[in-house]
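Visitor: Which chain is which? The protein sequence lines are A and B, in order.
The C-terminal residue of the first sequence carries number 283 in our numbering, and the numbering is unbroken.
The C-terminal residue of the second sequence carries number 518 in our numbering, and the numbering is unbroken.
It is possible that some hints are incorrect.
Claimed, not checked - Computed, partial: chain A to chain B, Cβ under 8 Å: (1) A234; (2) A245; (3) A259.
Just so you know, these hints were derived from the structure itself, not from any lab.
Predicted model only: the values in this text are computed from it and were never measured.
Every residue, glycine too, gets a C-beta built ideally from N, C-alpha and C.
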Amino acid sequence: MTTVQSALPEPGPDSISELHIEFDGRQLTVRTDVQEMLEFIADAYSAMLVPAEIVSCGRFEFLRSANGYTARGVSEGQYTAPLHYLFEFVKAEVLLQFVTSRQDLMWMHAGGVELGGRALLFAGPSGNGKSTLATLLSERGWRFLSDDIAPIRMDADEVLPFPQTPRRRIHPGHHLAPAKMGELERETITLDRALIQRAPTAIGGIVFPAFEDGRAAKLTRVAPGDAAFRLIRDCTNFADHKSAAVSRSVELARTIPVYGLSYSNGRDAANLLDSLR
Amino acid sequence: MLSETDLVIALSRMPVRSEARKRVRQVLEQSIDWDAVKRLATRWQVEPTVFGNLGSEFATAIPTEVRSEAAMLEQLSRAHAVSRTLLLMELVDSLAGAGIPAIVLKGPAIAIIGYDDCSRRTFGDADLLLRRDDLIRGRDFLLARGYTAHFHPARERAMIAGQSALEFSDSRSSVELHWTLVSRHLRFNLRVEDLWSRSQLIQCVGSEMRVLSPEHLFLYLCAHGAKHEWSSFRWICDIAQLAARLTPSQAGKVMELAAEANAKRLLALALRLAQEVFGEEPSPFPSSAFGDRRDTAALVSLVSGRLIHGKVDKGLLPPRIAGIHRYMEPLAFWLRSRERIRDQIACAAEFIFVPAAGDNSRNQLQRVFRPIRLAANAVRRLASAS
C-alpha cells in the first residue's frame, strides 16, 4: 500500500480553502478556514477529491465564528465543541449532502469490494467489521468500493463506489464482548489508488458479518425473509423511498446470494470470503 | 377521548382520511405525550401506518427527535412485516411444490388488499386454508420441515371434524392449518368450494399468493373479529381499510353471502364498529347492511369501551357468570353477534355437549361427561365466588 497524495490546497492565513469531493460525476464543494478540518477532510476523502467543481451537487461550509464554528450545509448550526469532536459530525454532514443530492439511490449502511466485475457488500450496524473486511480483502487483490456506505441503484443491481478513506477498528487481541467492538480505536488505512474501484459494479453477493468472540469464521446462507429485513433496516435513506425501498430490498434478497458471516478473527474471515472469488 | 388515542386512530388509516387530517393537525398543536403514542401504536400493532403517516404527512408538525424515532419505527416495523411475508411465501411456495395448494387467509392478504403493500401491516401467526383432503399431507409436510404440532395426535381427527385449526410452530413462525374458516360449533358456514372457486391470485413480494375473494375475506374478517370479541384494534382498522376498497357491487355480494350464512349481524357489527371508531365515512354498503342499531349497540359499546376507553373489565355477563368458564364471555359475545335463535341455541348446545379439542374425543361417553363436568365446575366456581 502507498500513501495517496491529496489535492490539498495551500491556504493563506485566515483564508478560506475549498475542496471538491466527487461522487458519480458530481462534486460537493467544502469550504473552510480551519486548517485542521481542511486536513481531516482531505484525508477522509483523499480518493474522492478532484481539482474543480464541474457539476455541483451542493456546498458545505465550516468556518470559524466568534464562539467556535459555524457549519452550513443541509442544516446550519453553531458549534462550540472542541474541533476533534466535530470531525465525525462533518463526515456525517458531507454524507448527508450526497444522500440528499442523490435521493434516487438507496444508500445502504454497507461496505464493499469488487473482483471480476462483481461487488461483494458487507452490510450491517457499526462494529461488525465492514471496514475490517473491506480493507483486508483489498489486501488480497479485491478492489475497494467503500467501507461504510453503499449507494445502490433502484433500477439495477448495481452499487456505486463511495471510496472514502477506510478506518478500521484496532482489535486489542484479547476477549471482547461484541457490544464493545464499536468503542474500539480506529486506524486509517491508506490504499493504493489502483486498488480503488471507480465504476459502478454489479452486486454479486451481500454478507452480514457478525463478530462473535471465539467463533471460527463461518458463512451461512440467509433466507430471503431475514435478508430483506436486514436490508431494509440498513437502508439509511428509507424515508426517501419507503415502499420502493421495501420492494428493492425484497428484490435484492430474492435475487442476490445473501450470507451471514460469524467470525472472531478478521483475517480468517477475509480468507473465507476470498475463497468465494 | 385522549388526544394521543385520537392521533393514533387517525394515523392508523392508509392513507389518512382528509377529514382526519385537520383533526391530526389540531392535535399536533397540543402538548403530546409521544411515549404514549408509541406505546399505543405498538399495542394496537399499527406501527407501519401510524409512524409512516407521521413521517410522510406531518413531518413538519412534529419535533425532530420524534420524527427520527418515527422514521426508525416505521422502517423496522415494515422490515419486520416484509420479512414475515417472505417467510410465509416461501412456505406457501414449498407447499404448492409438494402439490398442496394453500389460500393465505389473513396477514399479507389483508395487507395487500386493504393497504396496497405487504409491509404496511404486521402480522404474527400465518393462517392457511388447505383443502380438507390435503390437511394430513400439509401436517406431514410441516412436521418434515421441523415444525412442532401443538395438539395431541389422538385429538387430530376430532379437531379436523370440528373444523378447529391445526397449530404448528418452529423457532421462527407459527402456522395454523384450516380447512374451513371457523370452528363448526360457531355455525358460520360459507361453502368451502366457493372459497376456492372464487379465490384469487395476487402479486406478493415477487411471487403469486392465493387469497380469498375480497367479498369472502371481508365477511370472514367480520366473523373472525366477533369470534375474538373484536379484541384487537387492528381488526377494526382492517374492516375500515377493506370496506374503503370494495365497490358497491362487491359490498352487495358481501351482503348476499352474509344473508346466506345467516351472518347479517356479524357484518352489521363490523361496519358499526368501524363507524364508531373512525366516524362516518363514505361506504360502499347501503344503510341496510348496518342493521338495526339496537341489535349491535351493546356490543359496539363494549368493544369501544374496552379498546378505546380502557374499560378492560367490562363484559356482557355478570362477573360471577363470566367466571364459570373462560369461554363464557366470548361465547356470549358470539351468540349476541348472531341473529338467528336457532344458531345461538345450536352453538351453545355444541359447546356444552360436543367434546372440545381438550377432551378425550375417542371416548363416546364424553358427550355425557362433558356437560356434567361443565355443570360441576360451574357450581364449584359459583360457590367459591359467593
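Visitor: Indicate, hint by hint, whether the structure satisfies it.
Guide: Status of each hint after checking the structure:
1. A234: holds (5 Å)
2. A245: holds (5 Å)
3. A259: holds (7 Å)
Consistency note: the structure conflicts with none of the earlier hints.
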